[in-house]
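Engineer: Sequence:
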Amino acid sequence: RIGRGPKPERMNAMSAAARRAHVSFAVMRQQLPASFKRFSTGAAAAGSGGGLLAFAQANPFVTQLGVSTVKTGAADILTQTTVEGKGFWEIDWKRNMVFVLFGAAYLGGFQYWIQVNMFRKWFPGMDRFANSTMAQKLKDGPGMLSAAKQVCFDVFVHLPFMYFPVFYSVKESVQGSSWNPVDWVKDGCTKYYNNFAKDFQVMFTLWAPADVVLFSLPMWLRMPGRHMVSFGWTAYLSFLRGGAQVEAPKKD
Numbered sequence: 020r021i022g023r024g025p026k027p028e029r030m031n032a033m034s035a036a037a038r039r040a041h042v043s044f045a046v047m048r049q050q051l052p053a054s055f056k057r058f059s060t061g062a063a064a065a066g067s068g069g070g071l072l073a074f075a076q077a078n079p080f081v082t083q084l085g086v087s088t089v090k091t092g093a094a095d096i097l098t099q100t101t102v103e104g105k106g107f108w109e110i111d112w113k114r115n116m117v118f119v120l121f122g123a124a125y126l127g128g129f130q131y132w133i134q135v136n137m138f139r140k141w142f143p144g145m146d147r148f149a150n151s152t153m154a155q156k157l158k159d160g161p162g163m164l165s166a167a168k169q170v171c172f173d174v175f176v177h178l179p180f181m182y183f184p185v186f187y188s189v190k191e192s193v194q195g196s197s198w199n200p201v202d203w204v205k206d207g208c209t210k211y212y213n214n215f216a217k218d219f220q221v222m223f224t225l226w227a228p229a230d231v232v233l234f235s236l237p238m239w240l241r242m243p244g245r246h247m248v249s250f251g252w253t254a255y256l257s258f259l260r261g262g263a264q265v266e267a268p269k270k271d
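For the sequence shown, this note's numbering gives the first residue as 20, with consecutive numbering after it.
No wet-lab data here; the hints were simulated from the structure. A few of these clues could be false.
Unchecked claim - With a straight-line cut-off of 20 Å between C-alpha atoms, the simulated SDA-like cross-links for lysine to any residue are:
1) K140 x A167
2) K140 x P161
3) K140 x Q194
4) K210 x S235
5) K105 x Q194
6) K168 x L256
7) K217 x W252
8) K210 x L256
9) K113 x V193
10) K105 x A93
11) K105 x A124
12) K113 x S197
13) K113 x Y131
14) K168 x A124
15) K113 x W132
16) K140 x F80
17) K210 x S196
18) K105 x P228
Owing to the predicted nature of the structure, the values given are computational and were not obtained by experimental measurement.
Taking the hints into account, I'd like the entire structure generated from these sequences.
Structural biologist: Following this line, the structure appears as structure tokens:
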């Protein structure tokens with residue numbers, strides 16, 4: 020009844036559960052791996068010092084992963100509400116979750132792996148050049164050549180033959196009629212093939228000059244900066260291709 024507080028036995032159970040949670044948390048903190056402890060230390064330093072900027076510098080992977088996940092989900096919401104004309108309460112959140120996972124797994128995970136981890140192996144001196152001052156960069160011929168190679172790899176290999184096929188396949192998985200992943204890849208790549216000339220032209224126009232700037236930024240800012248550009252790019256692709264295509268009914 021209204022006005023009657025919780026029963027004593029329920030309060031005792033809640034108190035016991037709280038104590039168990041406190042003990043479990045204490046044990047977890049003692050058993051954290053060293054890498055996660057370093058992340059926690061960086062987060063604490065960011066909270067007490069330079070705020071978000073300090074956190075981003077101390078935790079570049081976590082920062083860009085969060086930015087990528089939020090950015091991709093927001094771009095899908097923009098597509099649903101603007102292109103498809105849905106109201107807020109009509110948003111397909113299951114579809115949005117697919118885009119969120121795409122942003123986290125591919126853009127935040129795979130793209131970081133290839134453009135940070137693998138680029139360090141393929142383009143030695145990348146970190147030194149990226150973290151130098153602008154005056155030092157302008158005098159660093161080998162560093163500028165390495166950055167130019169990174170731009171070429173991105174616009175001639177990564178974007179046309181990795182990003183686009185995955186983008187179209189994921190788009191097909193949430194907008195197509197089939198539940199078969201093979202059909203998602205086949206239908207998505209077929210649509211990409213038909214749109215290749217236009218997509219490559221628009222992609223090169225945006226990403227070639229953007230990469231010149233992005234691959235010259237400090238390493239901790241490279242991926243967050245890329246995700247900021249990618250938000251407008253993802254929204255543009257959605258506008259360019261529209262929502263789910265509905266076939267016109269056949270005439271008898």
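Engineer: Tell me, which hint numbers fail for this structure?
Structural biologist: 3, 4, 6, 11, 13, 14, 15 and 18
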